[in-house]
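Q: Top line first, the protein sequences correspond to chains X and B.
Each residue of the first sequence is one higher than the last, beginning at 3 in our numbering.
Each residue of the second sequence is one higher than the last, beginning at 953 in our numbering.
Source of the hints: derived by calculation from the structure; they are not laboratory data.
Don't take every hint at face value.
As the list claims (entries may be wrong) - Some chain X residues judged to face chain B by a derived CB distance under 10 Å, without partners named: (1) I52; (2) T135; (3) T178.
Owing to the predicted nature of the structure, the values given are computational and were not obtained by experimental measurement.
Note that CB positions come from ideal geometry on N, CA and C, so glycine has one too.
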Amino acid sequence: MNITRRHLLLLLPAAGVAWKYVLAGTPEAAPNYKLSEHWWGMLIDLPKCIGCGNCVRACQAENDVPDGYFRTWVERYHVSDYDIENPQVDSPDGGKKGFPPAKDGKGKNFFVPKLCNHCAESPCTQVCPVGATFVSQDGVVLVDPKYCLGCRYCVQACPYGCRFINPRTNTAEKCTLCYHRITKGLTTACCENCPTGARQLADLRNPADPIHEFLKTHSVHVLKPSMATRAKVYYNELDGSVR
Amino acid sequence: MNVFKDAGHLFRLAAVFVAGLVIFLVIRGFLVPKSFGQLGHYRANAVAEIAARPIKFAGHESCEGCHADVLDKKKNGKHAGVNCEACHGPQAQHVDDPTSVKPAKLDTAVLCARCHEANAAKPRNFPQVDTEEHSTGLPCDTCHQPHSPVIVAEGGK
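Working from the sequences, and respecting the hints, build out all of it.
A: Written as structure tokens, this is what we have:
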């Protein structure tokens, strides 16, 4: 068959598209880990949190988080009597070095660890102009550092303030739920190092995970449910004053 | 069909458009990462790249393989639920090479206070002390055995 110039012009785009798929191959995955079998979240059992800051230090050590930036941090709430609308919140250095003595006086004091809520309908991934951040098939919100432009849209979009721009790489960074650990069968660095068990990794797609029984039998909330983000970090006995 | 009698220039125009499309697709083929779009609007290989990062905390199962004696001490004590690296720090390097990488000695005067220093925001039932008043800066392991924290004189090992 004679290939004329016109035939060639028609064939080239088709060949180009085909070649792209040949080069792509299939992405590598950890052995014995199936993306579709997991749906990750976390349980924070607030009455057990002692504000020791172990999770913050562990996260920084595990993930090489720069000083002054946090993928997880601990807040201390002071809610005075009759004024739950205006809690006083402090978090000196993210709670990394613990907390100074709490204020005396009327009211209640308690700690609230914060981290990425790994929303199923995450506002941060929706605004990314280049597809550098996404909800993975196993329910973890991740950032592709090689593809991120550092435009900061996602930092602004997160209603929980969980993202920052890493000053070393100038790309967006956030909690990965220790994706490099949970895909190997380990728990996250913060859960591994929580001395009281206040933080527990939860696999919502695993019927044997104790999270299901816990959710059925406890008073559990997520942060900012009105934002309809379908957050997957569940707080046990969350105080109404927590924002 | 007189409509197409002088249509030659339209075909030449179409050829220019097709050429433009080909150039666009070739350049796009080079610029868009190969695995982009396989799992969604992102680079599918990024998932495996993030999963391949090295770990720093080995996890308590790794410790328990060798340090069964400590596990025995801990299992009936108050600290049974506290994982090793919560106090001893990240030890993945020690697990990879136990002979040449040794965990640092810990200063219990600082370490224990991180959890047990009194603070009104801590849960009421959690054991807390004012370290200044309780031990005047002495290391806690002078009296307490950290792996099973009872007073040594009262029967602790």
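Q: Decide, hint by hint, whether the structure agrees.
A: Evaluated hints:
Because the closest C-beta pair between I52/X and chain B is about 5 Å apart, less than 10 Å, the hint holds. Because the closest C-beta pair between T135/X and chain B is about 7 Å apart, less than 10 Å, the hint holds. At its closest, the beta carbon of T178/X sits 6 Å from a beta carbon of chain B; the interface hint therefore holds under the 10 Å criterion.
In terms of the numbered hints stated before, the structure departs from none.
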